[in-house]
Amino acid sequence: MSMRWIMKLLRRRRGFTLVELIMTIVVIGVVAIPISVALNEHVQSVFASGDITMANNLARFDLAQMNNTAYASIVSATLNNYQGYSYNLIRTVTFVNGTGATAESTVQITDQVTKAGSATVLASLTTYISKNIRYPY
Amino acid sequence: MIKKRKGLALIAAIMLIVFVSIAVLGVTTFIVQWFKQLNADQIRLKCLYLAQAGIQDAIYEVRATYKNPATTYGSFTTGLSTVNTGETYRRGGTAADFLMVNTAGATWTAGTYTLSGINVQKAISSASPVVTIASVNVCWTKSSATARNLTKIVLSSTWNGTLASSACPGGNVNITDVALTTSFIPLSLTWANSITLTNVTVQFNMLDGSTKTVVIFPASNSCQFSISSTGKVAGSNIFRTIEATYDLMPTTYATTSRIVDVDEMDNEITSP
Chain E
0 MSMRWIMKLL RRRRGFTLVE LIMTIVVIGV VAIPISVALN EHVQSVFASG
50 DITMANNLAR FDLAQMNNTA YASIVSATLN NYQGYSYNLI RTVTFVNGTG
100 ATAESTVQIT DQVTKAGSAT VLASLTTYIS KNIRYPY
Chain G
0 MIKKRKGLAL IAAIMLIVFV SIAVLGVTTF IVQWFKQLNA DQIRLKCLYL
50 AQAGIQDAIY EVRATYKNPA TTYGSFTTGL STVNTGETYR RGGTAADFLM
100 VNTAGATWTA GTYTLSGINV QKAISSASPV VTIASVNVCW TKSSATARNL
150 TKIVLSSTWN GTLASSACPG GNVNITDVAL TTSFIPLSLT WANSITLTNV
200 TVQFNMLDGS TKTVVIFPAS NSCQFSISST GKVAGSNIFR TIEATYDLMP
250 TTYATTSRIV DVDEMDNEIT SP
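Chains as they are written, first to last, in numbering that gives the first Met the number 0: chain E, 0 to 136; chain G, 0 to 271.
No wet-lab data here; the hints were simulated from the structure. Do not rely on the hints blindly, as some may be mistaken.
Partial selection, computed: residues in chain G whose CB lies under 8 Å from chain E [stated by the list, open to error]:
#1 ILE16
#2 ILE21
#3 VAL23
#4 ILE30
#5 TRP33
#6 TYR48
#7 LEU49
#8 ALA63
Idealized CB from N, CA, C, for every residue including glycine.
The following block holds chain E by itself, in its conformation from the complex:
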């Protein structure tokens, strides 16, 4: 393969026209915008879903604890960096039946979990626990 043959080949090669280049840039630009938006949303959703899942797990953990806590000790609380994670848990306890002094009563427990430093509630779970209710285990 001689140098002359290569030079000949290069001379014969036709480049892209200006119109082709401009249209290609426009088309790729049009396509790139939704791609970048979709990718950004995807990345954001990965982070968001991780936060929501974690918040739900922490709320569920707290309610499971309340189910196994002495009734008189179930009280409202704000627990920052709950269980060592960067999430805050706000537990709100209110009586829906009776009071703390009555023989029988029921409390409503609402657990709300936020990311530390944020006011956005990522998870909110509510249940009731009644006094004197025992389980076989």
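Position chain G against the provided structure of chain E, taking the given hints into account.
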């Protein structure tokens, strides 16, 4: 001059659009599905705790209205209740679930061959569902080769007859329908002669087709009912249902009464 040129880049770009559009659509669909799944998981968790709320509240109602041995073992209401805006539970069950049979005081009287001291009531104060006993199947053990026939059942009204069957589930006795209330009523059974006093069992057949089998003798510290509670969040078809069985354990009520069984069920409570 332009006519002579072949446009390759444009065709390539259009093909690129097609392929990339498919990819973008795929990613977008994936993200949407992901969030739908995440949202569904959140709702499922909420529903579970709402269902638990229904169970806890029902047992509170029973305990708050319990009066033993005066007139009632307590009761709760069925139907829909709102916990928070858009967050509800609905309590229900079959008639057999709500049938309470207190066997703690069951007594055999040798002279009359009668088993008595058993009380029956319904566990709900709501009118729906109706808790009515339509018939009973009684089974017992004969004390000898001689027939020991069941001759009388008293439950609100009196059935007199001869029931020779003793093996479980026993012969069906079509008593006059008994619509139960929240005040307990006595049940007694009389035989023609003495029987072996082990595992005297009654299957209560309710008007809605549900059944409940109770060992009424020997006496046991038991008086059970069941509650089904479905938790739901507005705007979603997702639900979770829990069924719990609570035993009043009447003779030691204050210290031992408890939930004896909890299960999650597949079906949704839709009425009352």
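Violations among the numbered hints, reported as their numbers in ascending order: Violated hint (a single one): 2; every other hint is consistent with the structure.
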